[in-house]
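Participant: Chain by chain, the residues:
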Amino acid sequence: MPVLAAQSLTKTYRMGEVSVTALDDVDFAVERGEFVAIMGPSGSGKSTLLHLLGGLDFPTSGEVFLNDLPIFKLSDDELTELRRRKVGFIFQFYNLLPTLNAAENVGLPVLIDGQPLRRERARIDDLLTLVGLGDRVDHKPDQLSGGQQQRVAIARAFVNQPEIVLADEPTGNLDSRSSTAILELLRSTCRELGATIVMVTHDPRAASFADRVVFLKDGRIVHTLTNGAGGIPVAEIVDVMTRLEL
Amino acid sequence: MFAVAFLARRNLSAHRGRTLLTLLGIVLGVAVVLATQVTNQTTLDSLYEVFDRATGQASLLIVPVNKERQPLNQELLAKAARVKGVEIAAPILQARTLPASEAGSWQIAFSMTGVAAGNFFDLTGIDPELDPQVRVYPLTSGRMPRPAKYEVIVPASYADKKNLRIGDKLELLAKDQPARLEIVGLLADEGVAMINDGAVGFAPLQVVQDLFDRAGELDEISLKVSRQLTENPAMLEAYKQQLATRLGEGVRIVYPAARGQLVGQMLATYQLGLTFFSIIAIFVGAFLIYNAFSMTVVERTREIGMLRAIGLSRRQVMQMVLAEAGLLSLAGSALGLGAGYWLAQVLVRMLVNLTPNSGNIHDVPPAIILQSLAIGIGVTLVAALIPAMQAARITPLEALRARSRSLGRLSPLYWIAGLVLLFIGWLITYRIVWPMEVIYFAGYASLVCYFLGATLTVSLAVNLLEGFTRPLSRRIYGNEGAIGSANIRRALGRTTLTVASLMVALTMIISIQSLAFSFKSDVQDWIDNSLGGDLYVRAALPMRESFAKQLLSVPGVSAITPIRVIDVQVAQGSLAADPESNDQFFFQAIDPASFLQVGNMKFAANQGDPAQNWKRLTQGQAVFVSSSVADRYNLRQGDTVTLLTRRGEKPFYIAAEVVDFTGQSQMFYGAYADLRNLFNAQGVDRFAIAIDPTFSVEGVMQEIKDRFQKSHNISLQSTVAFRNSILDLMNQSFRLFDVLGLIGVIIGGLGVINTLTMNIIERQREIGGLRSLGMTRRQVLKMVLAEALGLGLMGGLYGILVGTMIANVAIIGTNMMIGYDLVYRFTSSPYLISVLIALGAVQLAAISPARRAARLNIVDAIKHE
Ligand SMILES: Nc1ncnc2c1ncn2[C@@H]1O[C@H](COP(=O)(O)OP(=O)(O)OP(=O)(O)O)[C@@H](O)[C@H]1O
Ligand SMILES: [Mg+2]
Numbered sequence: 003m004p005v006l007a008a009q010s011l012t013k014t015y016r017m018g019e020v021s022v023t024a025l026d027d028v029d030f031a032v033e034r035g036e037f038v039a040i041m042g043p044s045g046s047g048k049s050t051l052l053h054l055l056g057g058l059d060f061p062t063s064g065e066v067f068l069n070d071l072p073i074f075k076l077s078d079d080e081l082t083e084l085r086r087r088k089v090g091f092i093f094q095f096y097n098l099l100p101t102l103n104a105a106e107n108v109g110l111p112v113l114i115d116g117q118p119l120r121r122e123r124a125r126i127d128d129l130l131t132l133v134g135l136g137d138r139v140d141h142k143p144d145q146l147s148g149g150q151q152q153r154v155a156i157a158r159a160f161v162n163q164p165e166i167v168l169a170d171e172p173t174g175n176l177d178s179r180s181s182t183a184i185l186e187l188l189r190s191t192c193r194e195l196g197a198t199i200v201m202v203t204h205d206p207r208a209a210s211f212a213d214r215v216v217f218l219k220d221g222r223i224v225h226t227l228t229n230g231a232g233g234i235p236v237a238e239i240v241d242v243m244t245r246l247e248l
Numbered sequence: 006m007f008a009v010a011f012l013a014r015r016n017l018s019a020h021r022g023r024t025l026l027t028l029l030g031i032v033l034g035v036a037v038v039l040a041t042q043v044t045n046q047t048t049l050d051s052l053y054e055v056f057d058r059a060t061g062q063a064s065l066l067i068v069p070v071n072k073e074r075q076p077l078n079q080e081l082l083a084k085a086a087r088v089k090g091v092e093i094a095a096p097i098l099q100a101r102t103l104p105a106s107e108a109g110s111w112q113i114a115f116s117m118t119g120v121a122a123g124n125f126f127d128l129t130g131i132d133p134e135l136d137p138q139v140r141v142y143p144l145t146s147g148r149m150p151r152p153a154k155y156e157v158i159v160p161a162s163y164a165d166k167k168n169l170r171i172g173d174k175l176e177l178l179a180k181d182q183p184a185r186l187e188i189v190g191l192l193a194d195e196g197v198a199m200i201n202d203g204a205v206g207f208a209p210l211q212v213v214q215d216l217f218d219r220a221g222e223l224d225e226i227s228l229k230v231s232r233q234l235t236e237n238p239a240m241l242e243a244y245k246q247q248l249a250t251r252l253g254e255g256v257r258i259v260y261p262a263a264r265g266q267l268v269g270q271m272l273a274t275y276q277l278g279l280t281f282f283s284i285i286a287i288f289v290g291a292f293l294i295y296n297a298f299s300m301t302v303v304e305r306t307r308e309i310g311m312l313r314a315i316g317l318s319r320r321q322v323m324q325m326v327l328a329e330a331g332l333l334s335l336a337g338s339a340l341g342l343g344a345g346y347w348l349a350q351v352l353v354r355m356l357v358n359l360t361p362n363s364g365n366i367h368d369v370p371p372a373i374i375l376q377s378l379a380i381g382i383g384v385t386l387v388a389a390l391i392p393a394m395q396a397a398r399i400t401p402l403e404a405l406r407a408r409s410r411s412l413g414r415l416s417p418l419y420w421i422a423g424l425v426l427l428f429i430g431w432l433i434t435y436r437i438v439w440p441m442e443v444i445y446f447a448g449y450a451s452l453v454c455y456f457l458g459a460t461l462t463v464s465l466a467v468n469l470l471e472g473f474t475r476p477l478s479r480r481i482y483g484n485e486g487a488i489g490s491a492n493i494r495r496a497l498g499r500t501t502l503t504v505a506s507l508m509v510a511l512t513m514i515i516s517i518q519s520l521a522f523s524f525k526s527d528v529q530d531w532i533d534n535s536l537g538g539d540l541y542v543r544a545a546l547p548m549r550e551s552f553a554k555q556l557l558s559v560p561g562v563s564a565i566t567p568i569r570v571i572d573v574q575v576a577q578g579s580l581a582a583d584p585e586s587n588d589q590f591f592f593q594a595i596d597p598a599s600f601l602q603v604g605n606m607k608f609a610a611n612q613g614d615p616a617q618n619w620k621r622l623t624q625g626q627a628v629f630v631s632s633s634v635a636d637r638y639n640l641r642q643g644d645t646v647t648l649l650t651r652r653g654e655k656p657f658y659i660a661a662e663v664v665d666f667t668g669q670s671q672m673f674y675g676a677y678a679d680l681r682n683l684f685n686a687q688g689v690d691r692f693a694i695a696i697d698p699t700f701s702v703e704g705v706m707q708e709i710k711d712r713f714q715k716s717h718n719i720s721l722q723s724t725v726a727f728r729n730s731i732l733d734l735m736n737q738s739f740r741l742f743d744v745l746g747l748i749g750v751i752i753g754g755l756g757v758i759n760t761l762t763m764n765i766i767e768r769q770r771e772i773g774g775l776r777s778l779g780m781t782r783r784q785v786l787k788m789v790l791a792e793a794l795g796l797g798l799m800g801g802l803y804g805i806l807v808g809t810m811i812a813n814v815a816i817i818g819t820n821m822m823i824g825y826d827l828v829y830r831f832t833s834s835p836y837l838i839s840v841l842i843a844l845g846a847v848q849l850a851a852i853s854p855a856r857r858a859a860r861l862n863i864v865d866a867i868k869h870e
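Chains A and B supply the protein sequences, listed in that same order.
If you're matching positions, the first sequence starts at 3 in my numbering and goes up one per residue.
If you're matching positions, the second sequence starts at 6 in my numbering and goes up one per residue.
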């Protein structure tokens, strides 16, 4: 049973006369523990798909099921709670709260869930150690580098033990060394915490860390690459990309 | 909520600058409200004291319709005292008598001059316990008489003249035999001691009733009514009429002569101005708070979007913003109370010579403190509510946008709502007739409508105005000026907030100053014209008209005019009033030709050519009526009123409406010819004299005294002192408005600094971007200053327009509330101040934010967090 499934997802943006179909009848499923990468040219609908999967936006038609629960049938409050407890987000621009230190930023979802941070302190420290920031617990975001901030954001995404973690170009702003570290971190976290990850990326090297790569073009899934053992050769991805004129 | 409170607290402490600006807004709002209320109270108390000392505290008198035939029954006293609103009912019985020692000479004095009455002694029966609460008895020595004892107090000057001392007996002619009253106190020459030119004494009521065989009779009952009523002339007038019906036939309710409408209107206008100011203060405070919070929300759009993405619900977002508001409002209100108290002390000290007593603030009533607190907390929460709702509407997607949304677009709903509010305001002011009970509320509601409406329509005007201001910005600040000016149009929401805060400040200055100026010049006009003449010559009995020639022969007297006032009755059915009403009217005879040499009449609005009006009056069977009579009986220029004359009922043409501040206003002004021909009366109550400016008023007064006081038993009164005392009083009380205007300037300046600084904070990243593209610090500075220039011009223009409009509305409101005929008068000073603020102060206010922008560290600015 897939932990996350999209069913005939369509998203059309209307702007006056013109309408843009960002997603065109997409079916897509993610199994528990899977690390999936979504690739495609700019404007192909990757971000749109990810937003819909996380319930950040609403589709024109179609449905997303999280553990068989149709999420667009939920009220805004129910959807918010679902995001809080079951979904973790990693943004391209980190989106940390500048007023909180690293540990507090990681603990933010816990806090929002109405639990005191103290109780979760140990787990937060573990997570920060896991992402290699055990010694930066009290640093504010502006005292951290871009890569470090992104690692805080990753730790935050995992703090509530979500069913699924969604990441939109998490390495888009990082150099290749930090990127590699982050991607390895994501893969290992995925393994260690048994989490499921969907990641949007432009970078074939980043995609090669995934178990499966899904290719989008003009709002449709046009190809899929799978490697059960984990890790797809970069050459193979580049090959598909050129073939599809992506 | 734990998370919500935690986040709110963190936000406040992390954004110190912004938090302080917001806090400042709240502190200012609360402080201004508290300070105006306290100052209001304190100065009003002082003003009342001034007037009370001068005129007594009685606001209404009960007098018999016909004094000779049917005096008041003493039972009426208890009845009147029971009426709601009456605080004190003090009886008076007057007996005109003579000192026993002068009984013989009186005959001679009378027959020799034919006019003198100087020897009469007015023995006044009072309640020695109640009366001092209604009138001031300036005892210089001794004490008040005791009830029912044969004791009397007299002016010290009278005692001197008659060689009497405390403990001596004053012998007076009474009904059967001379009465002997022991003198127990002496009065200074002011207030009640001036009655009958000082030939007056005050004894217990019962004693006077006994002596003159008038048991159970009264001549007059003075009523002190609740302050609520005295503060509002229109309400007092309504109350007076109610009282008349209540007390039944045979009595009339009149205003005491000294405490004319002028006093009531002056106090009421004054208080209205102050209340008006506190409403504006609340509005400005609310606006600053709202401004700060919406900027906060805009600035944090991304942040809030992210919080929404990771699971903060809409309600929690709203709670978070409101929790911030709550914390700030508590702190701000507490600080505001302290600041307000301090401000009130400064204000009161600035007014210190208003009266000796106004130097210190009486206790601040808890009600005012509670009110200010409620306003501080309530207004903050309400002002934060809209931004909080905006924040709750932010979608999680906002977090994923590369650039945070700016307060760029504004829904047209805003300006539509603004137009609707303006329309409602217009309806309230011009279209709906409000009952007395809610008229104050309606007046304030209309003001709030205008303010809010004008604020909301700013967005509509910005595009248009920017077209005009851009060339100017370019000329002064070059290309950067053009970029800055364009920013104005780009971020319409932000522009609206800044322009509106400037507009509100200017509106406050212009409307308050204009209102005060209009009222002041109105009174001044009246003082200059209607009070005509520099000197009055009076006598207790009418003087001969030919006496004028003698007076004119005194060097320095340049013109003289006679005035005579007689009772007059209006023919039944002639006026649109209840035929049973026993309204009392007076006919004041003037001699138009000489009157115009000495003074003038102040015509009401729209009365046509004054020369024509005077000409008509001279032709006879014509009168001028005072505005309040005209209003009450619905008389207009060109109507006729029928008066009972000695020749029967005669129609009188109403030649004009005139404004009269002092009289009880039941006055018809007519020509002397009519007095003689139709009323068979003659003589002069008072001569008004104009004095050649090269002579001193005192010198001429002395000369007249020397020549005529003995033979004609006249008393002289210089209007110079009176005029100056009124002007002084007025200038002092209106100085408060200047002080308040100053606060307006400060609030306006701070408001602009506040919004501009927030603008810069909000645009840090953008400015960083421009700097990274190669814009120099100088250019950034110029750009921000140019933006401020554009905003200043717009706010200035808008403020001047709206301010003038609100000044007019406030005047109409004053007229509605106080029943007064005030016209808007233009005064340039608030406009000059406004231009100075719009151009100069705004540029100054922009310097600090502009420098902040110029100094921005590019790296910090473009960093994402
Ligand atoms: N709010 C919006 N309004 C209108 N059109 C939109 C909106 N958001 C996205 N689109 C359009 O939808 C299409 C898909 O956009 P999406 O952001 O999903 O692309 P993407 O694959 O993430 O591209 P990129 O790799 O550049 O991030 C694009 O053509 C875009 O122009
Ligand atoms: Mg994208």
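It is worth saying that the hints were derived from the structure and are not from the lab.
Here a beta-carbon is modelled for each residue, glycine too, at the ideal position from N, C-alpha and C.
Please note that a few of the clues may not be correct.
To be verified - Have a look at the derived ranges for each label pair, beta carbon to beta carbon: (1) A/R121 with B/I391: 29 to 39 Å; (2) B/I852 with A/L71: 53 to 63 Å; (3) B/V443 with A/F74: 43 to 53 Å; (4) A/T14 with B/L375: 26 to 36 Å; (5) B/I852 with A/D144: 22 to 32 Å.
Said to hold, decoys possible - With a Cα cut of at most 25 Å, we get these calculated SDA-like pairs of lysine to any residue: (6) B/K84 with B/S106; (7) B/K154 with B/Q138; (8) A/K142 with B/T24; (9) A/K142 with B/R21; (10) A/K75 with B/T24; (11) B/K166 with B/Q138; (12) A/K142 with B/Q138; (13) A/K142 with B/V68.
As the list claims (entries may be wrong) - Negatives, chain A to chain B, calculated, CB over 12 Å: (14) V20; (15) V22; (16) D127; (17) R207.
Participant: Which hints, by number, does the structure contradict?
Facilitator: Of the numbered hints, 4, 6, 10, 11, 12 and 13 do not hold.
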